[in-house]
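Peer 1: What follows is each chain in one-letter form.
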Amino acid sequence: MVGRSVELKTFSSRDIAWLAFLALLVAVPFIPAIAANSFRLHVLILILLFASMSQAWNIIGGYCGQVSFGHSVFFGIGAYGAGMAVVTYGMVPWPGIVVGMILAAVVAVIISYPCFKLSGHYFAIATFAIVEIFNRVFLVWDWVGGALGLDYPIIKEGIGNLMWHQSKVGYYYIALVIFVIIFGMVRWLEGHRFGYYMRAVREGQETAESLGVNSTAVKLIAMALSAAMAALCGSFFVQYNLRVDPPMVMSLDMSMKFVLITILGGAGTLVGPLLGASVLIPLQEYSRAIWGGLGGGVDLIIFGILIILMVVKQPDGLIGIIRDVRRWLSKKRTKEEL
Amino acid sequence: MPLLDVQNVTMKFGELVANRRVSFTVEEKSIVGLIGPNGAGKTTLFNCVSGLCRPTEGTILFNGENITGLKPYQIASRGAVRTFQVVRPLKDMTVFDNVLVGAFLKCSDNKRAFKKAEECIELCSLGSVKGKLAGELSIGGKKRLEMARALATNPKLLMLDEVMAGLTSTEVKESVDVICNLRQSGLTLMVVEHVLEGIMSIADKIVVLDGGIKIAEDSPERIVNDDRVIEAYLGAKYSQRYKSEGRVH
Amino acid sequence: METFIQVLIDGMLSGMVYALVAAGLCLIWGVMDVINFAHGEYLMVAMYVSYWLGFLANVDPVVSTVAAGAFIFMIGALTYKLIIRFTIGKPGLVALLATFGLAIFLKNLCMNQFSPNFRIMSDTWLSGKTLHVGGLIIALPQLTAAVLALIVVGLLYLLVNSTKFGWAIQATAMDREAAELVGINTERIYILVFGIGGACVGVAGGIMPSYLAVHPEVGSMFGLIAFICVAMGGFGSIPGAFISGLLVGVVEALAGFYIAPVFKYVAVFGLYLAVIFLRPKGIFGW
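Residue numbers (the working numbering), protein chains in the order written: chain A, 1 to 338; chain B, 339 to 587; chain C, 588 to 873.
There's no promise every hint is true.
Said to hold, decoys possible - Selected chain C positions facing chain A (Cβ under 7 Å, derived; list incomplete):
1. I670
2. G679
3. L680
4. V681
5. F687
6. G688
7. I691
8. N695
9. M698
10. F814
11. V853
12. F864
Rather than coming from a laboratory, the hints here were simulated on the basis of the structure. Remember, predicted model here, so these are calculated numbers, not experimental data. Here a beta-carbon is modelled for each residue, glycine too, at the ideal position from N, C-alpha and C.
With the sequences and hints as input, model every part of the structure.
Peer 2: The structure is reproduced here in structure tokens:
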């Protein structure tokens, strides 16, 4: 988990690369090979969504170093916010999305305040417990649809209802907007005071405090931001699936997915969540498509082995591998020059 | 009015009394050395002033304001900033970013913070390693980083906890020069040292602790001749011999 | 009143089994500072071992519990050799995520091989038998499991606290390097600790098919409850894990009976949060 920065981070060549990459993403639905195949577009949408969601987790888990396994709760609150606006109250989803984000941030602060007093495994297990509590309560809570969940009615498609039936292109662009919002925000944070404070808290809370950083406030703000962004992703998730129930969103497996994607890519780095999602999501979707119908579970068996290998061999994530390769290349080059 | 006024501070850890009714003052723009043998309670006193420990009894005034029991970040933002004896670099951040965290305390916009950080890095001669990860520095480099980081917060009172311990004598001289320069630029310093050679030459006042109690507070010249200080450092038996030999010569 | 005592007894019986599952995890956590996320899946595998021994060779769970314990001992040792060994000295999260991968692997391997169906063992020695004490009804399978759990936890406690091997374990837990300096083969200790931790949960899983259906998801909740018991008891404290296990069992039974069955886990996890917010290092922690 290394976040390197050397010089002034207002605008760099790396940002130009990011902008070029975004331009490419905007053009993707027009590439015939993708436009003609809705499964490929589906995989791309999920990559963007889970990259964004993992980036939201990365704020508190990667940059600020507070490894929460409770983020599926915030994801779920966002999902239920949009879902209830449409299903229960027959509205457009937008007010539900906003309420969900605010509520997720408030819940995050209330839950985290006592949890931040815990250390190491005690903190991790407390966040497990919170997920389980929310999961069970939502399962029996009639107001939110209980165990049956919320099923969307078929209503008019378009940006107003945030729903499309004919093609996935609309969803793709919404996912891209969310991706830009969250990645842009984290990019901005990286170069500003709050971003430095988050990393200082991660690296040494007492040291940060001795330099005038209110570490509790930093952690709570980071958590609130992270939770609000998680809720935003959750609301998209429910609009995309057109249904929601507690195990779908508020589960330990879901929380783990956010953590794994980030760690796999490289926690505490901007590109990490995207790298992780680009590897894990296609793996999950394609192996499910290939083996899913046969003896169930083959996709997840491979997934499990891959996680073990990845975590054990390269805890810095894919970004660590890339860094090693670069170092190796530059060493080779200097050797050749000699 | 002194910048720092420590009044009757007592710090107990259970039955163990680390400081007993310690009082002293630090005048503005002076250098005060806090010395004493191992286990004298220097670092504990430092922790009380910087807010890491809450004193069991007593009051600490900074700039006329009661700061007893405030949180470390509150004390730091009022202008009393410390370094750590056991260095605590923010390991996976670069040297520059480490210092920048300090600089952000008083400069909220990036430009000024970056400029401040550059200055402090130069002042502590870390320019050549500023892009390195802090965890990769040598011990001397880490000690200088502690100082650069604290300096970047633009403190009124800088509290240095054994910045010279474990350094070579050239490095000690360098540190002494830096400290003298800082005083000239208007800073007040409180310096904890176990090694006396560096601090004696530059301090305006020395406070001596032994067994948690203040045994002397005076100018360096008087301190070196103070019987109780010699006793604390050399032990009663040797100090008697030291004195009797002194009479013979 | 009688109902209350009945519920209390049921809670204590399942609590003792929780304590046994937790004790294994607790030993591993205490010695290596590793949360084994696959602990619940060990339990599930042990249940399958016992089930298949019964199905194919007509062995009763009471007997196969020994085999299940031995089998999970080996799986534990293997887990250490193949995975955990590489995570020692790295941030605690690494081992947790790696064992999460192992949990997914084991769960889906069983799903793939044995299907997600619930499998129930009928006509074992104990199934359906009950003891009537006064007006109370005590299910014999649960009672046997609880007694077995009590014995194994007791043995584990004695092993750690009053044998030479136990002192070596404690020394390794306190300071690995120092332990090596005095001639303890800490690598061997780690393997054995992981094995013994596995064996505890293996014994628990071995007897459970007498009264509980076997399926690939059965371990997950037990695993989570074991985390709770260990964390609530305090870092590596076996008596702490035991008492927490009992407490969790009782609270679960009371909440399930007096509030609603769905709230039993809410109560258990709520209990954990309440305890841990008051004592951040657990009941017996420091």
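Peer 1: Each hint needs a verdict: does it hold in this structure or not?
Peer 2: Against the structure, the hints come out as follows:
1. I670: Holds, because the Cβ-Cβ distance from I670(C) to chain A comes to roughly 6 Å (cut-off 7 Å).
2. G679: At 6 Å from the nearest chain A Cβ, G679(C) passes the 7 Å test, so the hint holds.
3. L680: At 6 Å from the nearest chain A Cβ, L680(C) passes the 7 Å test, so the hint holds.
4. V681: holds (5 Å)
5. F687: This hint holds: F687(C) lies near chain A, its Cβ roughly 6 Å from the closest one there, short of 7 Å.
6. G688: holds (3 Å)
7. I691: holds (4 Å)
8. N695: holds (4 Å)
9. M698: Constraint on M698(C) satisfied, holds at 4 Å.
10. F814: holds (5 Å)
11. V853: holds (5 Å)
12. F864: Holds - the Cβ of F864(C) comes within 7 Å of chain A, reaching about 5 Å at its closest.
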